[in-house]
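Novice: Sequence:
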Amino acid sequence: MNRLAPQPLQHFYRTAALPCPYLDGRMERKVLTEIAGPAAASLYNGLSRAGFRRSHHLAYRPACAGCNACVPVRVAVGPFVASRNLRRLARLSDDLVTAEEPARATGEQYRLFSRYQRSRHAESDMATMTYGDYRAMVEDSPIETRLVTMRDGAGRLHAACLADRLDDGWSAVYSFFEPDEPRRSLGTILVLRLVELAAARSLPYVYLGYWIADSRKMAYKTRFQPLEALGPAGWATMAPPPAIPDPMLLSADAAD
1 MNRLAPQPLQ
11 HFYRTAALPC
21 PYLDGRMERK
31 VLTEIAGPAA
41 ASLYNGLSRA
51 GFRRSHHLAY
61 RPACAGCNAC
71 VPVRVAVGPF
81 VASRNLRRLA
91 RLSDDLVTAE
101 EPARATGEQY
111 RLFSRYQRSR
121 HAESDMATMT
131 YGDYRAMVED
141 SPIETRLVTM
151 RDGAGRLHAA
161 CLADRLDDGW
171 SAVYSFFEPD
181 EPRRSLGTIL
191 VLRLVELAAA
201 RSLPYVYLGY
211 WIADSRKMAY
221 KTRFQPLEAL
231 GPAGWATMAP
241 PPAIPDPMLL
251 SADAAD
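Residue numbers (the numbering used here): 1 to 256.
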């Protein structure tokens with residue numbers, strides 16, 4: 001008689017409490033687990049649908065006492081229709097060509113990443129990342145990961161999104177872009193390009209990490225309707241807020 005081999009237990013750990021980077025006066029804790037082994041891709045596909053995100057070889061999800069402000073969200077690709085404002089923004093970047101590139105760090109990427117960090121997040125730990133740190137962020141992945149890039153006709157890099165390929169879509173890990181081109185709203189356009197790539201492959205979702213109602217930097221995510229949110233009863237369409245700020249004023253990092 002053939003017997004199925006016992007599957008190893010997946011271990012989860014809880015981090016120490018640290019100040020929340022999004023909401024003043026609150027503390028943040030995370031549950032995390034390692035993504036490893038021959039079943040790494042299958043494991044992470046399931047974890048993504050359970051609201052987890054990836055950093056290097058770890059999957060994590062907020063587990064903060066008395067707070068559930070971080071809501072996992074994803075764009076429903078099939079019924080998505082870009083608003084008139086999003087279409088207007090997209091036209092401003094019609095000259096930029098999108099490509100899927102291997103998740104391999106280059107000096108060109110790092111220079112753009114560093115300019116972006118100094119301009120948008122000068123006080124964060126990421127602003128002091130060395131090339132080795134950046135390379136680890138890009139290349140230390142146990143699953144299928146790509147850099148979705150946007151380049152002009154001369155081949156110059158304007159924007160990039162580190163993104164994981166899941167069995168049901170793309171998961172945006174981190175985006176960075178030319179900080180001296182605010183009118184293009186390149187962070188928002190990167191999300192639109194991910195939606196287009198997913199649609200071309202008949203993939204149903206683009207995972208955007210966490211949305212926090214009281215965090216202004218998260219507001220851009222609600223522009224992609226229909227947006228689904230993960231709650232106690234599972235994934236469901238999220239009603240858009242009554243007023244959404246202009247995306248040209250927002251930063252779309254897609255790292256949370």
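Take these hints with a grain of salt, some might be off.
FRET-style restraints, in silico, Cβ to Cβ [claimed, not checked]:
| id | residue 1 | residue 2 | range |
| --- | --- | --- | --- |
| 1 | Gly37 | Arg88 | 43 to 53 Å |
| 2 | Ser119 | Arg88 | 42 to 52 Å |
| 3 | Asp24 | Ser55 | 33 to 43 Å |
| 4 | Asp133 | Thr15 | 35 to 45 Å |
| 5 | Pro38 | Arg88 | 31 to 41 Å |
| 6 | Val81 | Gly37 | 17 to 27 Å |
| 7 | Asp125 | Arg87 | 34 to 44 Å |
| 8 | Arg88 | Cys64 | 31 to 41 Å |
Honestly, the hints are just simulated from the structure, not real lab data.
Beta carbons: idealized from backbone N, C-alpha and C, even for Gly.
Novice: Against which earlier hints does the structure fall short, listed by number upward?
Specialist: 2, 3, 4, 5 and 6
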